[in-house]
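These protein sequences, in sequence, are chains A and B.
Residue numbering for the first sequence is 1 to 422, as defined by this note's numbering.
Residue numbering for the second sequence is 1 to 166, as defined by this note's numbering.
I should point out that these hints are in silico values taken from the structure, not numbers from a laboratory.
The calculated EDC-like cross-link candidates involving lysine to aspartate or glutamate, where the alpha carbons are at most 16 angstroms apart (straight line), are:
#1 B/159 <-> A/51
#2 A/383 <-> B/40
#3 A/383 <-> B/43
#4 A/383 <-> B/41
#5 B/23 <-> A/72
#6 A/390 <-> B/41
#7 B/9 <-> B/112
#8 A/390 <-> B/40
#9 A/390 <-> B/43
#10 B/27 <-> A/72
#11 A/383 <-> B/12
#12 B/159 <-> A/46
On a predicted model such as this, the values are computed, not experimentally measured, just so you know.
Here's the letter readout for the chains.
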Amino acid sequence: MGKTIAEKILSKKSGQDAYANDLVVATVDFRMGQDGTSPLAIRSFEDMGGERVSNPETSAFVIDHSAPSPLEGVSALHKLMREFARKYKMILYDVGEGVCHQLMPEKGHVGPGSLVIGADSHTCTYGALNAFATGVGSTDLAAALISGKMWFKVPETVKFICHGRLPFGVYSKDLILYLIGQVTADGATYKAAEYTGEAIQALSVDARFTISNMAIEMGAKAGLMEADEKVWEWVRRHGNGSFEQVTSDPDARYAQVLEYDVSSLEPQVAKPHRVDNVSPIGEVAGTPIQQAVLGTCTNGRLEDLRIAASILKGRKVHPGVRFIVAPASRRVFLDAMEEGIIQELVRAGAAVVTPGCGPCVGTHNGIPSDGENVISTANRNFKGRMANNKAFIYLASPATVAASALAGVISDPREFLPKEVS
Amino acid sequence: MELRGRTHKFGDDVNTDYIISGKYKFKTLDMKELAKHVMEDLDPEFAKKVQPGDFVVAGRNFGCGSSREQAPLALLNAGVSAVLASSFARIFYRNAINTGLAVVECDTSGIESGDELLVDLEKGLLRNLTREKEIAIKPIPPFMLKVLADGGLVAHFRKYGTFNLG
Ligand code: SF4
Chain A
1 MGKTIAEKIL SKKSGQDAYA NDLVVATVDF RMGQDGTSPL AIRSFEDMGG ERVSNPETSA
61 FVIDHSAPSP LEGVSALHKL MREFARKYKM ILYDVGEGVC HQLMPEKGHV GPGSLVIGAD
121 SHTCTYGALN AFATGVGSTD LAAALISGKM WFKVPETVKF ICHGRLPFGV YSKDLILYLI
181 GQVTADGATY KAAEYTGEAI QALSVDARFT ISNMAIEMGA KAGLMEADEK VWEWVRRHGN
241 GSFEQVTSDP DARYAQVLEY DVSSLEPQVA KPHRVDNVSP IGEVAGTPIQ QAVLGTCTNG
301 RLEDLRIAAS ILKGRKVHPG VRFIVAPASR RVFLDAMEEG IIQELVRAGA AVVTPGCGPC
361 VGTHNGIPSD GENVISTANR NFKGRMANNK AFIYLASPAT VAASALAGVI SDPREFLPKE
421 VS
Chain B
1 MELRGRTHKF GDDVNTDYII SGKYKFKTLD MKELAKHVME DLDPEFAKKV QPGDFVVAGR
61 NFGCGSSREQ APLALLNAGV SAVLASSFAR IFYRNAINTG LAVVECDTSG IESGDELLVD
121 LEKGLLRNLT REKEIAIKPI PPFMLKVLAD GGLVAHFRKY GTFNLG
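So here's chain A without its partners, still in its complex pose:
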């Protein structure tokens, strides 16, 4: 019987002929933890009696969630991570390097066919590179640091086939928001998602990351895509690792196959307080906003900043809006400076913060006030997500966020985009 991408990668890495619902123990290619989860992993590592990290050269800690530290307590946890990484010779990405999910692919740690675990739910991002990458907890990370292995229940797969081509002003963010709205926040729970079809193939790798990143928002364990020439070009540009791509078999068994034609999709917005509470832009346009956020592991890449700058160039953000920009990594930040994008955003009124998670999870960098509306390119809009449960978060594409920052109300980006950029 044929296999899905998930079944193939987990079979290969466990040495077992595994199918959906089998339990396997597999060798992991890379392990990652961030500053919200690693301190607890360190504690578990010690409680487990860990004496060494089995593969320190393929294990990394990233300080990105509260970076630089806003509080003494956080500083102590960062220090704990630095000391542990030094002691066990692990890779450490410190303050200012960027968001973990940007760094992992960008530093060449992940590629086609890899098996990766990260103590962060959006580890599924690297599925865009054809890697089986999934979020785990701190104790799982500790176990993987000690043993180099992890247990997995092989997931069933839901296949999303996206036909057609995204229209002008409509992006991969709009597509994934739409799909989440369709299948709901638990539409793929316990399962892997595979995204395919010509609409996906037409996307840049940057744009594909946005889709895989949000697979967890439909409950999925992984958000997989096939590796094509674009992926290989991307992987070669960012590293020199050797990888082996994995494709699904034509007779693989799927839990569900869902087909969509995306040719007439409109910009989408997820309304408070649920990611699957999605509407086309027309239904929310005009809603006043006080803060706009461009960045995060979902949409803080070069292409995202470029799209926003194409709207904001030579204009000024609405005086009633705080416009916060967090480039996903130092490399993105530098590339964006070289292209003049950062200058344009800052001239337009952006407050650029340290590469990293920025205000996404409410640790610092722009906590909204009571009753305020925020429009963000992030992936979650739960009540209290940005550390104030009386604020309202809307999620949208970089273009929609930029257009809204300009107008002071949620706005359709198609009215603001220069015609040659789509």
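Fit chain B with the ligand to the known structure of chain A by using the hints.
Below, chain B with the ligand alone, put in the same frame as chain A:
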């Protein structure tokens, strides 16, 4: 492993930000401190009301959102001994087993706040003592049951030094 307790009922899609807000979890490793804020955004009185051994009961997709292990740990440290839900988000489910918090997948529609329940995961048994009703539960795979019985993955690793699927 027999558990007996009173229930506190919540709705669908209780996410990890509701269980323990990100604004607390980054500050400290002191789980007793975090436990004071557990479920705060859904029920500000919950941390005061909950008694050792109590159960949290919810609808679909319990624990969706982040991978924070502080979520099951905060529940455990608040005294919660098990979570019953009609379905769980997968990372939460994993983390619960790994930290030794019992998770029970079952139809929770007939359970009300204050009901007294009896759970035996090994036997696959759930009884609503208040309403004198048996409820069918989805069995936990043997390996996970073993981790749970060991008291979580830390204890499992201390015992075996690695994963013991056998
Ligand atoms: S940017 Fe936001 S969603 Fe992404 S890793 Fe950081 S906190 Fe998590």
